[in-house]
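**Q** Read off the chains here:
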Amino acid sequence: GAVVSQHPSWVICKSGTSVKIECRSLDFQATTMFWYRQFPKQSLMLMATSNEGSKATYEQGVEKDKFLINHASLTLSTLTVTSAHPEDSSFYICSASSRQRDYEQYFGPGTRLTVT
Amino acid sequence: KNQVEQSPQSLIILEGKNCTLQCNYTVSPFSNLRWYKQDTGRGPVSLTIMTFSENTKSNGRYTATLDADTKQSSLHITASQLSDSASYICVVSLWMDSSYKLIFGSGTRLLVRP
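Line by line, the protein sequences are chains D and H.
Residues in the first sequence are numbered consecutively from 1, following the working numbering.
Residues in the second sequence are numbered consecutively from 1001, following the working numbering.
Treat the hints loosely; a few may be bogus.
Pairs of lysine-lysine residues, derived as DSSO-like cross-links and limited to a Cα-Cα distance of at most 30 Å, are as follows [stated by the list, open to error]:
#1 D:Lys20 x H:Lys1017
#2 H:Lys1001 x D:Lys66
#3 D:Lys55 x H:Lys1017
#4 H:Lys1017 x H:Lys1001
#5 H:Lys1001 x D:Lys64
#6 H:Lys1001 x D:Lys41
#7 D:Lys55 x H:Lys1057
#8 H:Lys1057 x D:Lys41
#9 D:Lys20 x D:Lys55
#10 D:Lys64 x H:Lys1057
#11 H:Lys1101 x D:Lys20
#12 D:Lys14 x H:Lys1071
#13 H:Lys1071 x D:Lys41
#14 H:Lys1057 x D:Lys66
#15 D:Lys14 x H:Lys1001
#16 D:Lys55 x H:Lys1071
No lab work stands behind these hints, which were simulated from the structure alone.
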């Protein structure tokens, strides 16, 4: 398998502030990265898909101005939650894929965001 | 509508016992089906992946089956261990817009008790 890391693993922030989450593919170049959100006892919900060097494609109902995604390199994508509110508290998981890896999605360990 | 349904929602078994988790899907065009294990507070980890032509695949104590005609899959866990306590997610993928789109089931939460 491939290794995908996320940083931080957990973060607590105050309402109204912004927080950035990093997703890195450590041992392969990811042409596509995905961001998911998972609420307690629910499954993963795709938020957006980002291809390196292109603008992210957001799923219906996901505010692109609130969840800023940057995929500037083949090994790094970032998700910035702007003006966070308590309802944004969730578990955020990224995954990475590439043609060389048969487009298999390799998941990161997740980031727990708590907005107070 | 592309959907993946899993049953049961939750399951409690005693250590050492076997169990079987179910997955039904209505995804088209079907590309492959994966079973993931997700520990609490962690990302999903792939257990098995099966394509249309594969009926069964094993990974240690985990054995997945696939019936593409009835669009059903199962995950059988043999001789359960305490560390098997986790959520098991069935994911069906389809090829769309030059990438795989994953359709997630809601998962089965398994608790293995000593």
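**Q** For every hint, state whether the structure bears it out.
**A** So, going through the hints one by one against the coordinates:
1. D:Lys20 x H:Lys1017: 43 Å, violated
2. H:Lys1001 x D:Lys66: Holds: H:Lys1001 and D:Lys66 sit about 28 Å apart, inside 30 Å.
3. D:Lys55 x H:Lys1017: It is violated: about 49 Å lies between the C-alpha atoms, which goes past 30 Å.
4. H:Lys1017 x H:Lys1001: 36 Å, violated
5. H:Lys1001 x D:Lys64: Since the Cα atoms of H:Lys1001 and D:Lys64 sit roughly 25 Å apart, the hinted pair holds (cutoff 30 Å).
6. H:Lys1001 x D:Lys41: Holds, at roughly 23 Å.
7. D:Lys55 x H:Lys1057: Cα-Cα ~38 Å, so violated.
8. H:Lys1057 x D:Lys41: 27 Å, holds
9. D:Lys20 x D:Lys55: At roughly 17 Å apart (the allowed maximum being 30 Å), D:Lys55 and D:Lys20 satisfy the hint.
10. D:Lys64 x H:Lys1057: Violated: D:Lys64 and H:Lys1057 sit about 40 Å apart, past 30 Å.
11. H:Lys1101 x D:Lys20: This hinted pair holds, its Cα atoms lying about 25 Å apart.
12. D:Lys14 x H:Lys1071: 46 Å, violated
13. H:Lys1071 x D:Lys41: The hint holds at about 25 Å.
14. H:Lys1057 x D:Lys66: 42 Å, violated
15. D:Lys14 x H:Lys1001: 39 Å, violated
16. D:Lys55 x H:Lys1071: Answer violated: D:Lys55 to H:Lys1071 is near 35 Å, above 30 Å.
Violation of the numbered hints given earlier is confined to hints 1, 3, 4, 7, 10, 12, 14, 15 and 16; the remaining hints are satisfied by the structure.
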